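Undergrad: Below, each chain spelled out in residue letters.
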Amino acid sequence: MSRLRFRPRRDVVCREAVELVTDYLEDALPQARRRRFEAHLSQCPDCPEYLAQMRAIVALAGSITPDDLTPHMRQEFINVYRRWRDEEARDLL
Amino acid sequence: MPEDPDSALVSRVRAGDEGAFAELAAKYQGAMLSIARGYVPSGAVAEEVVQEAWIGVLRGIGRFERRSSFRTWLFRILVNRAISAGVRERRSVPVDDMGPVVDASCFDAGGTWQVPPEAWADRVDDQVIAAKISARILAAIDELPLQQREVVTLRDVQGLSSAEVCAVLDISNANQRVLLHRGRSKLRQVIGSEFGRGQ
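Those protein sequence lines, which keep their order, are chains U and A. Under this note's numbering, think of the first position of the first sequence as 24, with each following residue one higher. Under this note's numbering, think of the first position of the second sequence as 3, with each following residue one higher.
Extracted from the complex, chain U is given alone in its bound form:
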C-alpha cells in the first residue's frame, strides 16, 4: 500500500509566483507545485500579466536577428577560410 502523505497544502502567493515563472516555462516544476502555480494564476488578477511579460521577453530576445556582416568583415572571414584551406593543402603535401 502506498504511503499517504499529509503535506499541508499551501497556496502560492504572488511574491512566490514571480520566482517560479522561469521554472514553470522551463517545465521544471514538480507536478504538485506546478498545479499550485497554475491554480494561483487562474485566480490572480495580476500574475498572468507578469507571466505574459516574461514570455514576451523570451520572444523579443529570440527575435533579435544576427547583424549581417559588413562587406569588409565578410571578406575577412573569406580570407581566414582561404588561409585555412591553404594550410590544409600544405599539410597534405
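Think of the hints as simulated: they come from the structure by calculation, not from any bench. As the structure is a computational prediction, the values presented were derived from the model and not from experiment. Don't take each hint at face value.
[What the hints assert, rightly or not] Covered by chain U, according to a simulated footprint, are these stretches of chain A (three or more residues, beta-carbon under 8 Å): (1) 24-32; (2) 50-62; (3) 173-186.
Heads up, the beta-carbon is just placed ideally off N, CA and C, and yes, glycines get one too.
With chain U held as given, fit chain A onto it using these hints.
TA: For chain A alone, coordinates are given in the frame of chain U:
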C-alpha cells in the same frame, strides 16, 4: 538529439564552400563577441579570442563528429579560448545577486501585489513597438552580469536548448535556470520601464 540546425552549413564548409563559412560567421559572430567580452579585459582582446576560436573551428571541423550540435561545439571552443586568454575564472552564481527578482515593496505583508505590474505584454505584438524594443533589449542583455548574459544570449537569442547551454558553460541545469530567471527578470524590468514605471 534533435537535428543540428547547422548540419548543412557544416557539410558545405567541409566541402570547401567559403560562402557557407561566412554564413556561419554572420550567424554567430555577435553572440561570440558578447560572450568573449565577459572573460577578457577589452573589446579588442575579445575580437582576437573570437578570431582564434574561428580558426580553431576550421582546424577542427574535419574531426567534428556531430556528437553534439555544431553550435555547442563552437561555443565550447570559444569559452575555452576565452578562459585561457582571460583574467576571470568561472564562478558559481554570485551570492550578492540572490535577492528577489521583484522588489519586496511591490507586495503586501501576505505576498500579494500591492503595486501590480503595469500591463504591456500585449503591446509587444505591435510591429513598430517590437522593432523599437528589440534595439533596447540587445543593450539590456549587454548590461547583464556575465553569467546571466551568457545564458540569456545562448538560450534566448541563439535558441540553444538548456542541455546545450549547460554543456557549453559547464554548469548544472538548476544553475542554468537560476541564471536564466535572473537575467530574464532584469530584462522584464528594463523593458517594462520603457513602457511605464517598470518596477
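Undergrad: All the hints need checking, so say for each whether the structure fits it.
TA: Results of checking the hints against the structure:
1. 24-32: Since 7 is at least three, the answer is holds.
2. 50-62: holds (count 5)
3. 173-186: holds (count 5)
Checked against the numbered hints above, the structure violates none of them.
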